[in-house]
Amino acid sequence: MNSNRILEHPILEFSEGSDIPFSFDGKELVGKSGDTIASALHAAGVRVLGHHFKTGHARGFYCAIGNCSSCLMIVNGVPNVRVCVEPLKAGMVVNSQNDRGVLP
Amino acid sequence: MISIPLLIVGAGPAGLCAAYRAAEVGVDVLILDRAQKPGGQLVKQTHKFFGSEKQFASTRGIEIADILFKRLEDLPGRVELLTDATVIGFYEDGVVTAEVQGKFMKYRPEACIVATGASEKTLAFTGNDLPGVYGAGAVQTLMNEYGVRPGNRVLMIGAGNIGLIVSYQLLQAGVQVAAILDAADEIGGYLVHASKIRRAGVPILTRHTVGLAYGDEKVEHAIIHALDDEWNKIPGSEQQLDVDVICVAVGLSPLADLLWQAAVDMKYIGALGGYVPLRNSDMMTSVAGLYIAGDVAGIEEASSAMVEGEIAGISAAGRLGFSSEESHLLKKDCLQQLRQLRAGPGSEKIRTGMALAGAYV
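Just so you know, the protein sequences line up as chains B and R, in that order.
First residue of the first sequence: 455, per the working numbering; consecutive thereafter.
First residue of the second sequence: 8, per the working numbering; consecutive thereafter.
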């Protein structure tokens with residue numbers, strides 16, 4: 455599941471980190487402590503974070519620093535969360551967003 | 008409403024250096040940064056810096072972030088740094104609003120330094136909204152901050168320093184780089200970086216660009232092609248590359264939203280990345296007491312961002328009545344350092360742009 459994790463690196467050391475369980479579109483996934491929602495999803499092989507509300511095109515992140523809003527998802531029922539900068543927490547319920555979002 | 012002497016927006020290289028120089032002469036400083044930790048984009052720069060010793064040459068960016076942050080302790084002025092703190096509004100009456108760790112806050116600073124950095128540009132091509140088309144900064148964030156590989160095989164667009172450095176970092180992370188493309192005639196980045204990558208077997212194709220990305224809801228293939236003198240596609244030059252990431256390293260533009268809100272005089276200067284604030288040699292904008300430093304003042308490198316930060320910090324402190332014989336000398340030295348950093352033949356564009364923006368050149 456975490457095959458995209460870098461285990462060996464000439465300069466950086468990535469500690470193992472504790473497991474952070476969360477769900478994505480009803481599937482149970484596991485991230486690592488220190489992850490954002492987007493990094494945990496990417497490590498688990500998930501690239502499509504939602505679909506554009508008008509064109510239906512698949513959306514992924516682009517900037518990964520909270521600038522571009524390409525990565526909006528529904529987190530714990532709250533839409534339009536920029537998952538590239540949102541720290542992952544245990545038990546989070548993350549869902550794809552395919553519309554403009556409805557406030558809870 | 009909280010009244011404060013000096014607010015700095017952004018805890019990257021420019022903001023942290025500004026805070027240091029202002030607190031050094033006794034100014035209390037509040038720094039707000041929207042990220043979860045200070046350092047700005049330094050926290051993902053695993054390469055060693057160029058420049059001179061004063062700008063931490065031959066130290067890795069990730070280490071510089073730590074050095075700049077740690078030296079803010081035990082200064083005559085107190086530095087408070089709040090992370091997860093996004094500045095959202097600049098008002099005519101000088102009030103600044105922010106969302107600080109989930110709370111709405113209002114500040115009235117006597118002086119302010121905006122050091123918000125830059126955002127990544129993108130490139131127009133068919134399929135550029137597919138998941139897997141990532142900015143170069145995003146690729147760095149993913150692999151160097153979170154330890155996650157962006158993909159298995161990457162096509163890099165842009166042979167400037169960012170494109171070259173990120174390509175090398177991809178190789179270090181065990182990711183293949185299929186090719187580096189640049190529409191220009193020549194490699195834009197330092198040749199020392201380019202040679203390292205070429206030695207690793209990665210082709211650098213100048214006068215090439217990407218025309219199409221496609222795949223099932225994610226990047227699976229890219230079609231690249233050569234460009235003629237007018238940057239038009241040369242028919243028959245198309246090649247298909249099987250890649251799962253297209254990394255876009257075509258430059259940055261100043262993240263100047265707050266400056267627009269503050270109604271400072273802005274000017275479009277292509278050489279500096281887009282609309283930039285006009286400034287004087289103190290790094291002050293057309294709004295009295297509002298200073299700028301780093302990429303928001305014009306796209307350059309972290310080295311010059313640090314020096315601009317120092318100048319803005321010293322100048323803002325001076326405006327607040329805090330200065331010393333040493334700080335005057337230091338400012339002169341900083342201006343000299345900027346001149347040196349921008350002295351090379353490769354910096355001609357920057358020099359022209361900076362002159363147009365009102366900077367000391």
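To be clear, the hints were calculated from the coordinates, so they are not data collected in a lab.
Some hints could be false.
Here are the simulated lysine to any residue pairs, SDA-like style, with alpha carbons at most 20 Å apart [said to hold, decoys possible]:
#1 R:K225 with B:C522
#2 R:K225 with B:N552
#3 R:K44 with R:P83
Okay, the hints, checked on the actual structure:
| no. | hint | verdict |
| --- | --- | --- |
| 1 | R:K225 with B:C522 | holds (18 Å) |
| 2 | R:K225 with B:N552 | holds (16 Å) |
| 3 | R:K44 with R:P83 | violated (24 Å) |
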